[in-house]
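K.L.:
One-letter residues, chain by chain:
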Amino acid sequence: MGAIFSRFEDSRRGLPLSGLCAMTLGVLLVAGLVPPESFAWSRTGSTTTSTLMGGGGGGGMMIGGGGTDVLNAANGPTLVVRQINKTMHDGANVKFWVFCASGSNNCRLPGPTLELGVGQTANFNLNVMMAPQEMPPYQGHTIHPHGLDVQQSEDGVPETGAAVLGDNYSFHVDSRYVGSHMYHCHVHTVKHLEMGMYGAFVVKAVDNLGNFVNVIDQNGPAYDYEWNWVLSAVDPAYHADNAVGDSTVFADYNPKYFLVNGNEGLSKTAPAETVTAATGATVAIRLVGIHSVDGTFQIKDASGASKSFVIYNRDGFALPSAQTVTSADITPGQTMDVMVTLPGTSSSWYPQITYKSLRNGAVYTNGTVYARLNF
Amino acid sequence: MHAQVLRFFPWYRWLFVVLFLGFPVISFASSYTLYIKSGSWTVNGSGGTTLPVWGFTDAPGAGPMVPGPQLDAQEGETVTVTVYNQHTKPHNFVVRGITTDQTSIPAGGSKTYVFQTPKAGVYLFSDTLNGNINREMGLYGAVVVRAAGGVNKAWTNGPAYNFERLWVLSDMDKTRWNSVAASGGTVNTSVYKPNYFLMNGMGGFDAMRDPNTVLEGPLGQVGMVRIVNAGQFDQSLHFHANHFYIIDRDGTRLSSPEPGDTINVKAGTTAMLLYTMYRPGDFPMHVHTAQMETANGVYLNGAATLIIGQ
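Residue numbers (numbering that gives the first Met the number 0), protein chains in the order written: chain S, 0 to 374; chain G, 0 to 309.
The hints are simulated quantities; they were obtained by calculation from the structure and are not laboratory data.
By construction, the Cβ of each residue, glycine as well, lies at the ideal position given by its N, Cα and C atoms.
Not one of these hints is a red herring.
Partial pick of chain G residues on the chain S-facing surface, computed with a CB cut under 7 Å: (1) 255; (2) 288; (3) 293.
Pulled out of the complex, with its shape left as it was, chain S reads as follows (with noise of 0.2 Å):
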């Protein structure tokens, strides 16, 4: 056991060959980013607008997301790591650091989505050249994926050895794992999550050729849409350029801005996101819990009654027996994949996320975001 605090110190000190090899092998790498499954989006101011359009990642049409890449985690893409800015409501401007596809513009918040079948083998590379990064022992980024229970070499933490600067990730998982899950860097994470390095990770069945197949877990319903939900949480003060290292500043957390899929839904007619499926539908809901505050999960009508829907997984496992509810907590790094199944007739939901306080539950000012589903 003690060995892991000189682990702790080894792990940052120079560029480890594995590293040297990941960032040559990713710059080999770029030309093979782009996957088939990618699809078209149309957005409009801070609001996200999908069409649908494209077969989605994983049979099922994929709604939403907040517009960020959909990458197979077995075709060998890249992550890099980008700073943008992002104006709050109030006005305020934010950096966030985030994983996007390498030799693609489109870098935001939350990170690309990484899919993998069952059975077939992840490999994927992370790039740190260029990467905003702290000074050591903080320096450098990994990819931490979570809940999939991978071998330690591939957990991405480096107190346990995982290089920082650059590292490919090979695993593969069982049925067991098909559902939601997330990555995230796990260095110093305290301040790298807040950051904004995260995004969803879906396990999905396959079928006897290998291709994705829409079902919610591996024995479970069809769905058919699939719509990715990244919950977050901003403390600006976690933010600020002074705030890396030890610092006092990580003693305390604030949360001023909240999130779906890197955007604030402060009304019904101000949603993070706004998507549009057939009626009689089902709607698979995958919720990605990266907060750092508790969270509820709630789907409302337009007079603000509750609509039920049915939790199958909890951190990408089945459930013993699918539960139909009106409400679920999500806490911070869980997962939970939902179904809700919309009416005949033509309206809009306002599905919802209410961020409360650790110690009471008191929701934050802000703290519900909305969300709008047309059908």
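Once you have looked at the hints, place chain G on chain S.
P.N.:
Then chain G, alone, in the frame of chain S:
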């Protein structure tokens, strides 16, 4: 024949046989003596500090322990706890879900609590007086109630495990609560900004080394983790290397264990889960919440320990 039996089993071996056979049916009655004291508690490692605390201890000449001593019992057992208040303020001793007497023990006084354990599980004991201040100051601990007979099962006829851990989680706001309360001041309880997050009274620096906290075992073995959140913040604990199965959530046994890699243990509640050692090597187990990973802002000296697959 009789002589041969006696040669193979002399008197002292019969004693072992009697003890072995008798063990499962003996009804134990545990008895504990606790002392409430003021003192200090040190969080080691970078970012660590020494905080003024009030705590329970089982040694009359020692300082307070954070958390208090672990109280062990079996299902259906009668437990006697005598508490001596050696502090200058009134205190009490309440086992959540078991005892109901919340009256105070005056400074210098004592009280004896006798209770029967209702069912196997893990229970928070604490001083419930003075709002949350007495608990925040360190007056808490856990009662671990095991299956009758001391078998390695979560409860009688419940799921089996190979080894067990107890994690008592807590948080402390040194500046606004501990220092103020210890010096006789009035704590503004509307503001609570804890800057120390502890597992079994330790920051990650120690908790990643402590053999009673680290989840360590041979691959394939099942570790039973009993979790008590004695703090005021909900704790969302993320396990690397494998999913666990929750078998009890705050005293409610789950008819079908629920899988997860991150468990939310709300403030003041408990949980029990089974974690099968799956991957060889070293992995972290940590709270997934911003500042709760730190000791006054210093990374990884917060609520974190290790998972070690052998």
